[in-house]
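Participant: Listed below, chain by chain, are the residues.
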Amino acid sequence: MIPATKAVIFTPSGLWRVPTRMRVKASCSRSSQLTSGGSPLAYSRATALSRNKSIFVTSSSASAVCVGLMTLLSTRGGMRDMLPQVCAAAGVSRTGDQYLRSPVRKGGVAAHTLERGSREYFMKPLPEVEVICEQTPAEQALALRLVTETDLLRLKAIARLHARLLPADLTWSDLLQEAFARVLDGSRHAPPGVPLLAFLAGVMRSIKAEYWRRARREALQVPKLAAAALEAWEASTGEPVDPRADVERGLQAVQELACIHHLFADDPQARQIIAGLAEERSPEEICESSGMSKTDYDSTRRRMRRLLLREGLRMGEK
Amino acid sequence: MKTRTPEVSLEQLLAALERELIDATDEEVLGVAADLGMNPSMKGSAAFLGVKSPLLRAREGTSSAGGRSPSHGLSRGERSGPGGSGR
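Chains as they are written, first to last, in the working numbering: chain L, 1 to 318; chain Z, 1 to 87.
Please keep in mind that the hints were generated in silico from the structure rather than gathered at the bench. Each hint should be verified, as a subset may be incorrect.
Partial list, derived from the structure: chain Z residues whose beta carbon lies under 7 Å from chain L [stated by the list, open to error]:
{"hint": "1", "residue": "Pro6"}
{"hint": "2", "residue": "Glu7"}
{"hint": "3", "residue": "Gln12"}
{"hint": "4", "residue": "Leu17"}
{"hint": "5", "residue": "Glu27"}
Counterexamples of contact, computed for chain L against chain Z with all Cβ distances above 12 Å [said to hold, decoys possible]:
{"hint": "6", "residue": "Asp151"}
{"hint": "7", "residue": "Phe180"}
{"hint": "8", "residue": "Gly193"}
{"hint": "9", "residue": "Glu210"}
{"hint": "10", "residue": "Arg214"}
{"hint": "11", "residue": "Ala253"}
{"hint": "12", "residue": "Gln255"}
{"hint": "13", "residue": "Pro268"}
{"hint": "14", "residue": "Cys287"}
{"hint": "15", "residue": "Glu288"}
{"hint": "16", "residue": "Ser293"}
{"hint": "17", "residue": "Lys294"}
{"hint": "18", "residue": "Asp296"}
Idealized CB from N, CA, C, for every residue including glycine.
Work the whole structure out from these sequences, hints included.
Facilitator: Written out as structure tokens, the structure is:
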């Protein structure tokens, strides 16, 4: 009897635990048939999967194994709309739909033989690997009725708002899932009276802050650019920056603020509101200082909300 | 003179924008999803990519999956638009 293997797939964006619910039996050699022909590297990665229970997706060949497994998961698990993304991640020429239309080639595990014309005659049959797929933390929270599906979309938009300038190794999805994971495993408790959505948003903020603290500790030098950006900030706002403040943190904040302003570049009224919000001014104060009527203010807020949602829900990784 | 650091401004702004998103009505959220060609009520909807399913990124040097075409990554039902087969 082959023991169940809990596969962990490392994607370029980080780690995704292939989690609990769905159990799919997938032979590694069979999954590589689904891909662009496999390669010695794919074979070695597949072997690594069976030995170390993990795949490092660092090249197209290695990714091909991942695609094979993910295709099997997707065709049986209803995650069809992510297949093109999987294929894009692997850099394979065929689209996810083509994979779906082409069933897995019939044949035994030892079908990769020279006699049958396969390029992979050197491949040996691999033991079957049972991929255990569990729900993502966000999906678990949904199953527990802690949040609704629409809440998940709101949180996705919030995660994206916070992840705008994060480096490639920490995505908005990581922020979101990690926040849910911490709430579900009890490492973070929502204080009484605080709505869960607001609490989760706060957890995402603290994960991001943790990340930057760690990154700063690891940084060896403060770039000159940081000081220049802070000087520019002082010049534009006329307000001095606290000299004790961390220069890098300041630079990061300036960049993020610029990013948000850029988002509303085509909407002057939205920019006025943004400036007011950054100074924690009340709606009345913002209206007064910008000469905006209450109706204009409300309709601008609606436009802003819509734009934020649009940015948060769009396709794409960033 | 009152000292306001960029960090403080950013925190205040993010908190305000967060509130905007939290306060968005279901109709607003679903309306935006529909504008993007997504149908969150559909099983496997692209709206939940990275939420209910992992986010997989394009390799360096290749265009992102989302950048290929507006409909890239949408499920078949979502690509076919309203009236397309849902599940």
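Participant: Evaluate each hint against the coordinates.
Facilitator: Verification of the hints:
1. Pro6: Hint holds; Z/Pro6 Cβ to chain L Cβ min 4 Å, cut 7 Å.
2. Glu7: At about 4 Å, which falls below the 7 Å cut-off, the nearest Cβ of chain L leaves the hint on Z/Glu7 intact, so it holds.
3. Gln12: holds, 5 Å
4. Leu17: Given a least distance of 6 Å, the restraint on Z/Leu17 holds.
5. Glu27: violated, 9 Å
6. Asp151: violated, 9 Å
7. Phe180: Its Cβ does come within 12 Å of chain Z, the nearest being 9 Å, so this is violated.
8. Gly193: holds, 15 Å
9. Glu210: holds, 15 Å
10. Arg214: holds, 17 Å
11. Ala253: Non-interface label on L/Ala253 violated, nearest chain Z Cβ at 4 Å vs cutoff 12 Å.
12. Gln255: It is violated; L/Gln255 is separated from chain Z by about 9 Å at its closest Cβ, not greater than 12 Å.
13. Pro268: holds, 17 Å
14. Cys287: Holds, since 15 Å exceeds 12 Å.
15. Glu288: Answer for L/Glu288: holds, closest chain Z Cβ roughly 18 Å.
16. Ser293: It holds; L/Ser293 is separated from chain Z by about 19 Å at its closest Cβ, greater than 12 Å.
17. Lys294: Per Cβ check, L/Lys294 is outside 12 Å of chain Z; nearest 17 Å; holds.
18. Asp296: holds, 16 Å
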